[in-house]
Amino acid sequence: MKLIWTTLFCFTLILWTVHTHAQSTQEKISKAKSPYIAASSWPDRIIVTPTEDPSTSFSITWRTDQTIEVAQAQIVKASPDARFDIQAKSLTATTDGVSLSHGESQLGEFSYPANTGLAGVNYHWVTLTDLQPDTLYNYRVSGGQGNWTSWRQIKTAPQQRDRDVEFLYFGDAQSGIYSHWPMILRSAWQHAPKAEFAIYAGDLVNEGASDRQWSNWLNADPFILSMIPAVLVVGNHEYDWKMQANNQKDWALSTLWQDQFTLPLSPTLPVELQETVYVTRYPDLDIFVLNSGALGDVALLDAQAQWLDKKLQSSSAKWRIVTMHHPVFSSCGMPLNTAGQDEPDVRAAFLPVFLKHNVDLVLQGHDHTYSRGSIGTPEDIGKIASPLEPKKVRSVFLTTVASPKTYPQKLDRWQEYSHYGVVLERIGENTPTYQIIKKTDNKLKYQSFTTDGKLYDGFILEKNLKGQNTLRIQADLPLQRTFANTGPYKSHHDLAE
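Numbering (our numbering), first residue to last: 1 to 497.
Any given hint could be a false lead.
[Claimed, not checked] Pair ranges (Cβ atoms, derived):
hint, residue 1, residue 2, range
1, M183, S40, 26 to 34 Å
2, A339, L455, 52 to 60 Å
3, I37, D164, 16 to 24 Å
4, P488, A119, 16 to 24 Å
5, M227, M334, 47 to 55 Å
6, T94, T338, 43 to 51 Å
7, T268, G108, 36 to 44 Å
8, Q474, R83, 17 to 25 Å
9, K443, P378, 42 to 50 Å
10, T338, S187, 30 to 38 Å
11, E462, E416, 24 to 32 Å
12, A119, K443, 48 to 56 Å
13, R83, G487, 36 to 44 Å
14, P35, D476, 26 to 34 Å
[Claimed, not checked] In silico lysine to any residue, SDA-like type, Cα no more than 25 Å apart, as pairs:
hint, residue 1, residue 2
15, K443, L312
16, K443, T470
17, K466, D345
18, K392, G382
19, K438, G117
20, K194, I224
It should be emphasised that the hints constitute simulated quantities derived from the structure, not laboratory data.
Glycine included, each C-beta is placed from N, C-alpha and C at the ideal position.
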């Protein structure tokens, strides 16, 4: 079996290398263009994000130019009345002035050369509270005098624990944000129009300090982002760096992250982790967001592990999902001719907590390839789940990509991790996907779809009365996709980011 994997991997490397080398030998890669929409007195870049309790509250963030110092939001319960707007309640937003040329962090001032020539902007945000659960609301936001958006709708989460919850999950968008990502986002929404929220597992953009790239991401579909709450995960590409005299890089989260998004605070955590580590709670389903981008800082990883341990200990939800950017078990075979990527500090900090509390799913990005694996219970340790052979599991680990930037899998296919009891059960190369996950009372249904809307992977986690999960793989899944059996691939570097 190892020989077969080795042969396929070598053939994959040849194909991948030929395509990318052909491009690298060009004198210059011609990068596609994308439009940039400058801020004005009209509100734009509207995005809805959840609070810890999305049944009674949600947050909205939007942008204007710096002439708009006061902005408002209006909200009203949806009704069949033609002039529902007459009953709307107005709230004044908090306004923050934002420089696009530089940002301040705990490491000092960072310059943002990608934004040269761009004027500063204002971001406005409001958290709407005291709402009724499971209720449809209409809302809009303002810029200058009389400059209101059209009305949008959003529904608060139900509180009944037995209610079904459906949501979306995406890996990295990062490259082709203008050309490819909007199609994937819209395809997912068309497939699951009643999704209650969407998880974006980091590396939303390629350069976290580039306002042009954020323009493309936030304009991928303004109505989806302003109507389906976004559970946002920070990735390494949301970080910025500056070079020190000793040629070492100092890394800090781009200040544009907290300017553009209003996310739950975690007061017990260090300031560096605020609005990147949080929890949001749906009916019998808790979503925990971690910041694996704090690489190299073991203290920040340990602080998150302690926070997560306490949150899981106090969680009464039947289903618990963790999402973060860097995989616990990496599948990425880059750089070529190496052992590939690995994040031992992330694994050391978080895996013991996941297994202590039997976290159901771990949703990740970063690797630019598809992988699914699981850790079985002692009686099923090392077993590979299949449609004919269900498997009792402790946790299932998923890594996906939603970008045309795709990488080959590692040669060893997780053999280096076998002492953890984890087994790699499905892979996908050259295959961006979107995921639809549905929680019912005692089941969690996971399905991954390719960009043409076809099923690529699927399983059901079934939880018994004692809390034990059984993994049942969906039958009739297509052949695993690799660079060896799929269409030609070209590096992403010519695409507009």
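Margin query: Hint by hint, where does the structure go against what was stated? Just the numbers, ascending.
Written below: Going through the list in order, the structure violates hints 2, 3, 4, 5, 7, 8, 9, 13, 14, 17, 19 and respects the others.
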